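Novice: What follows is the residue order along each chain.
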Amino acid sequence: MITKEIIDHIEGEASLYFEMQEKRVDFVTVVFPHFRGMENMLKGKSALDALVITPRVCGICGHAHLMATVRAIEDAYKNSGHPIEVSNKAQNMRELTLTLEIIQNHLKWLYLVLIPQLNNFENITLSLTPLKGAYGASLATKALAILAGQWPHSSYMIPGGVTSDPTYIELMQLRAHLEKLSDFLEKETLGTTVQNFLSFESCKNFNKIASDVSSVEQALFDLRMHKKGFSHDDFIVLGEHRFTQIAKSRATRLYNVDITKVHVEDAFSPQEKSYAKNALYKNAFYETGPLARLISKDVKLIKNMHRRYKDSNYTRAMARIYEMVYLLQHSLDLVKEIDITQDSCTKSVTLSKVTAQGIGVVEAPRGPLIHKIKLKEGIIERYEIITPTQWNISSGTKLKPSPAQKAMIGLNKQEAEFVFRTFDVCSVCTTH
Amino acid sequence: MAKITKEERKNGIISAALALFSQQGFYVTTIPDIAQKVGMSVGNFYNYFSSKEILAKELILYISDYLGKNLREINMKEITTEEKIQEIVSMYFKMASDKPEMIEYFLRVYLSNREVFGSDCAGMICVSSFVTEMMIFFEEGVAKGDLHNQDFFSAFGLFMGYLGGMVFLFGEALLPEPLKEYEESISLNIYNALKHRD
Amino acid sequence: MHLNTETKPKLLWLQGVTCNGNSHSFLNLESLEQLLDKFELLYHPLLASTFSLSEITSLQNSCDILIFEGTYDPEFTRNNIPLKEILPYYALHAEHIIALGTCASFGGMFQSLAPERNSGLLYKVEEEGGPLIAYKKRVINLSGCPVHPEWLATTLQMLLAKHTIVVDDLQRPRELYSSLAHHGCTRNEYFEWKVDTKGFGLKEGCLFYEQGCRAPLTHASCNTILWNEVSSKTRVGTPCFGCTEPSFPRTNYFQTKTNMSIPQDVPLGVSKRAYLTVAGMAKTFHIKRLEGVLIDYKRDH
Ligand code: SF4
Ligand code: SF4
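Residue numbers (our numbering), protein chains in the order written: chain A, 1 to 432; chain B, 1 to 198; chain C, 1 to 301.
Calculated from the structure, these hints are not laboratory results.
Hints should not be assumed to be uniformly reliable.
[Stated by the list, open to error] Residues of chain C placed beyond 10 Å of chain A at every Cβ, according to the derived structure:
| no. | residue |
| --- | --- |
| 1 | Leu32 |
| 2 | Arg138 |
| 3 | Ile165 |
| 4 | Val236 |
| 5 | Tyr275 |
| 6 | Gly280 |
| 7 | Met281 |
| 8 | Glu291 |
[Stated by the list, open to error] The calculated label-pair distances, taken between Cβ atoms and stated as ranges, are:
| no. | chain 1 | residue 1 | chain 2 | residue 2 | range |
| --- | --- | --- | --- | --- | --- |
| 9 | C | Ser31 | A | Lys208 | 29 to 37 Å |
| 10 | C | Lys257 | B | Asp120 | 31 to 39 Å |
| 11 | C | Glu127 | A | Lys398 | 46 to 54 Å |
| 12 | B | Glu73 | C | Ala282 | 21 to 29 Å |
| 13 | A | Thr129 | C | Ser58 | 45 to 53 Å |
None of the values given here were measured: they were computed from a predicted structure.
Even glycine gets a Cβ: it sits at the ideal position worked out from N, Cα and C.
Whenever a hint applies, use it, and build me the whole structure from the sequences.
Specialist: Laid out in C-alpha cells, this is it:
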C-alpha cells in the first residue's frame with residue numbers, strides 16, 4: 001500500500017509517497033507540488049534584471065542565487081570576447097557574504113528543524129530553543145548586510161564586482177558582529193571555543209563538551225543514526241570557492257569533474273505531478289552539501305566520522321553543524337583580507353555588446369547551484385536554474401534511487417522522514 | 001496724463017538698453033547713452049540698476065523668461081509634437097522679426113561676452129526658464145514615442161543651432177525671402193531629424 | 001481582539017505563492033522573542049506552532065490575526081487544499097488581516113505567472129481586484145519585497161495596543177509608508193546638489209540620474225529604519241528598486257529611464273518643470289567637497 005505524507009516546516013512543502021513492507025520503507029517517491037516558473041519570467045528582460053529576480057527564487061538562499069547570476073553574466077561577457085576583471089576585494093566580499101548566508105541557514109536548520117524533529121522521537125528530550133537559531137542567524141545576516149545592504153534579497157553583486165564600498169569603520173563593525181556571533185555560538189551552541197571545536201579530530205571529542213551540539217550528537221547516536229540513512233556514498237562539489245574544492249568523490253577519494261556533464265531529467269513520480277527535475281552527473285546521482293564539501297577539503301573530523309560511520313545520517317547531520325563553525329572561521333579570515341584600497345567594481349563594455357551563453361555555479365547552503373544564461377545583445381533569451389535539492393532529493397526509480405530516496409529505504413516512517421529532513425530540504429528553490 | 005509707474009520706467013530702460021547693446025555692443029554702450037535714450041538722468045538710472053553688469057544680467061533673464069513663457073504656452077497645448085515644433089519655430093521667427101534686438105542681444109552680447117555675466121550666470125542659470133521648457137518639450141516628445149531618445153545637447157544643438165543660423169542669415173539680409181516663408185520647411189526638417197526611429 | 005491576561009490573541013501565518021522571504025526577514029527581528037510572547041502562534045511555516053499544517057487546513061479553528069504571505073492564487077494548494085477554500089475561511093472571522101509583502105499586497109513577483117488568476121488580497125497590481133476586497137477595512141497592506149521585520153512588528157504592536165492605524169490610499173500604515181525610501185539616505189546631499197555617482201561601487205554620488213534609484217518615488221522607510229539594523233540598498237550603492245509599490249517588479253533596475261537625458265520620472269509630487277529648474281540650477285555650481293573622493297585610501301599606499 002502506498003501512503004502519502006505531507007512534509008512542511010521545510011522551505012516550502014513536499015509530499016512523500018511511501019511503499020511500506022512490514023513497517024519498513026521499501027520505496028518512496030518525492031513530489032514537490034508547487035510550481036512558479038521564474039525562468040520564464042526572465043525571458044526578454046535585461047541580463048541585469050536577473051540580479052533582482054533570481055534572489056527572489058528563495059528566501060533563505062537568495063544570496064547564492066544572486067552570486068550564481070552574477071557569475072553567469074560575467075561568464076557570458078567572457079564568452080563574447082569581453083572578459084571582466086573582478087578585484088580581489090570584490091571577490092572576497094562576495095565570498096564573505098555568501099558564507100554568512102550559509103551560516104545563517106545551518107543555524108536555522110539546527111534549531112528550527114533538527115532539534116525539534118529529534119525531539120519528536122520517543123526518549124529524546126532536548127531543550128527546544130528555536131529562537132536561538134533565529135538570533136544567531138540574525139547576527140550573521142547583520143554582518144552580511146553591512147556589505148550587501150540587507151538580507152534577504154540583496155542585489156549588491158553586479159558584473160564587475162559589488163556596489164558597496166566599505167570603510168574601515170564598517171569592516172570593524174562587521175568583525176564585531178562576527179565576534180559576537182562567535183561568542184554566542186561558543187556559549188549557546190558549542191560549549192567550547194570555535195578554535196577548540198575546529199580542532200576536533202574524532203567523534204569522541206564531543207563527549208568532553210556539554211552543549212546543544214553534544215546533546216544533538218548524543219541523540220543521533222541514541223537513535224542509531226550512525227547505522228542508518230546510508231546513501232550512495234558518492235559526492236559532488238561544483239562551485240568554486242576557497243572553503244571547498246570542486247570534485248566528485250567516491251567515498252573520500254576525489255576525482256575531477258566537468259560541469260558540462262551535468263544534466264536534468266524528469267522526476268519519477270507516478271502518483272502526482274512533481275515540478276522538480278532530477279539533476280545528475282554523467283547519468284548518476286550524487287549527494288551534495290556540507291558533507292560533500294568537507295570531504296573535498298579533507299577535513300580530519302569528517303574523514304574520521306566517515307571512516308567509522310560512512311555516509312550515515314549521523315555523518316550527514318554532523319557535517320552540517322561542523323560546516324557552520326568552519327565557515328565562521330573562514331569568514332573571520334576573509335574580513336581581514338578585504339583590501340579597501342582596491343576598486344569595488346570595474347567598468348565593463350555595455351551589456352548590449354554581449355551575445356553569448358554563460359554559466360554560473362556556486363555552492364549554496366545545500367550544494368551546487370547552477371544558473372545558465374543565454375544572452376542576445378544583453379537580453380535574456382533563455383535562463384535555466386538547477387538547484388542543490390534537485391541533486392539530493394531527486395525522485396528516481398526503485399532501481400535507480402536518488403541520495404535521499406536511498407537513505408530512507410529500510411527505515412520506519414518516522415526515521416525516514418527525519419532522514420529526509422537532514423538533507424535540509426528546500427522545496428522553494430527546487431520548484432523555482 | 002496717467003503717471004508712469006516704476007515698473008514701466010524699468011521696462012523702458014530694458015528696451016532702450018536692449019536696442020543699444022545689440023546695435024553697438026556691450027562695451028561701447030555707456031550708462032549715459034542709455035539714460036539719454038529713455039530720457040532720464042544718469043542719477044535716476046542708478047535707482048533702477050546699480051551697474052551696467054546687473055542690467056546686462058536682467059536683460060538675459062528678461063529674454064529667457066519671455067521665450068520660456070511662450071514655450072510654456074506651446075508645451076501646454078494639446079497638439080502633436082510635430083505641431084509643437086511648427087509653433088516653436090514660428091514663435092522664434094516672429095520674435096526675430098518683431099524684436100530682433102532680443103535675439104541679437106542673446107547672440108552678440110550674452111554668448112560673446114560671457115565674462116560680463118560672471119558666476120551668477122554660470123552654466124545655464126540665467127537662461128534656465130527657456131532651457132527648462134525645451135527640456136520639457138524634448139522629454140515629453142520622447143515619452144510620447146514621437147521623438148528619438150538621444151542625448152539632450154545633441155537634440156538641443158540641432159534645434160536651436162538651426163534656428164540661430166537662419167536668424168543670422170536673415171539679420172545679414174542674405175535670405176531671399178522673409179523668414180516666415182521658411183517656417184514650414186524648417187519645421188519639417190527639424191521634425192524629420194528628431195523624430196522616433198524604428 | 002479580546003485581549004485579557006489569560007488568552008493571547010491567536011496569530012495564523014498562511015502562505016500563498018512565495019519565496020519564504022518575508023518569513024525569513026521576520027526572523028531577523030531583534031525583539032522576536034518578546035513579540036512572539038504576546039501571541040499564540042497557531043501556525044507558522046518555520047516556527048514551532050500550536051497546530052500542524054494538516055490541522056490548519058482541516059479548517060476547524062479560527063484566528064484573531066491572519067497574516068498572509070505570498071501571491072494569492074485561488075488554485076494554489078496547501079496540503080492539497082486550494083487557497084480559495086483556506087483564505088476565506090480564516091478571513092471571515094479574523095479581526096485583522098495583514099497582507100504581508102508586495103506579493104500579498106499587490107500580486108508582486110508572482111502576479112505575472114497567472115495574471116488572470118493571481119492577485120494580492122485587496123489589489124491586483126493597482127486595481128481593487130483581490131479576494132478580500134469586501135473586508136477592506138480589516139486588511140492592512142504591508143508591502144515590501146521583503147517586508148522589513150520592524151514594519152510587521154510595529155503593526156502587530158499597534159494592533160495589540162488598539163491604536164488606530166492610519167492608512168494611505170493603498171491601505172498601508174502611514175506610520176511606515178508616509179515618507180520615501182530616499183529620506184535618510186546617506187547620499188542625500190549629492191541628490192540636493194545633483195552630483196551623480198561616477199559608477200557603481202562608490203561611496204560618493206547619488207544613484208538617481210543614471211543608476212536607476214527609485215527611492216524618491218517609493219513609499220518606504222528603509223533609510224530611517226535600517227535593514228538588519230545596519231544598512232540599506234542605497235547606502236551600499238545599490239539603487240532602490242521600488243519594491244514597496246504596486247509597480248514592482250519593474251524592468252531595467254540598474255538604469256534610470258531617461259528621455260533625451262532627462263529623467264522620465266521625477267521625485268513624487270514635484271512637477272517636472274519645478275524639478276528641472278532646480279536641478280539645472282544646482283548642477284551649475286561645482287562644489288569641490290562633493291566632487292572628490294571622501295576618503296582617499298590609495299593615497300597613503
Ligand atoms: S541614491 Fe537614491 S535614495 Fe540616495 S539620495 Fe540618491 S535618489 Fe535618494
Ligand atoms: S530601498 Fe527600495 S527596493 Fe530596497 S527594500 Fe527599500 S523600498 Fe525596497
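Novice: Each hint needs a verdict: does it hold in this structure or not?
Specialist: Okay, the hints, checked on the actual structure:
1. Leu32: Check fails; 6 Å does not lie beyond 10 Å.
2. Arg138: holds (26 Å)
3. Ile165: For Ile165/C, whose nearest Cβ neighbour in chain A is about 25 Å away, the distance exceeds 10 Å, so it holds.
4. Val236: violated (4 Å)
5. Tyr275: Its Cβ never comes within 10 Å of chain A, the nearest being 25 Å, so this holds.
6. Gly280: Consistent with the label, Gly280/C stays out of reach of chain A, its closest Cβ about 27 Å off (over 10 Å).
7. Met281: Met281/C clear of chain A: closest Cβ-Cβ about 29 Å, beyond 10 Å.
8. Glu291: Holds, because the least Cβ-Cβ distance between Glu291/C and chain A comes to about 16 Å, which exceeds 10 Å.
9. Ser31/C - Lys208/A: 29 to 37 Å: The hint (29 to 37 Å, Cβ to Cβ) holds, given that Ser31/C and Lys208/A are roughly 36 Å apart.
10. Lys257/C - Asp120/B: 31 to 39 Å: Once the Cβ atoms are compared, 34 Å apart, the range 31 to 39 Å for Asp120/B and Lys257/C holds.
11. Glu127/C - Lys398/A: 46 to 54 Å: holds (51 Å)
12. Glu73/B - Ala282/C: 21 to 29 Å: For Ala282/C against Glu73/B, whose Cβ atoms are near 26 Å apart, the range 21 to 29 Å holds.
13. Thr129/A - Ser58/C: 45 to 53 Å: Violated, at about 29 Å.
When the structure is compared with the earlier hints, violations turn up for hints 1, 4, 13 and for no others.
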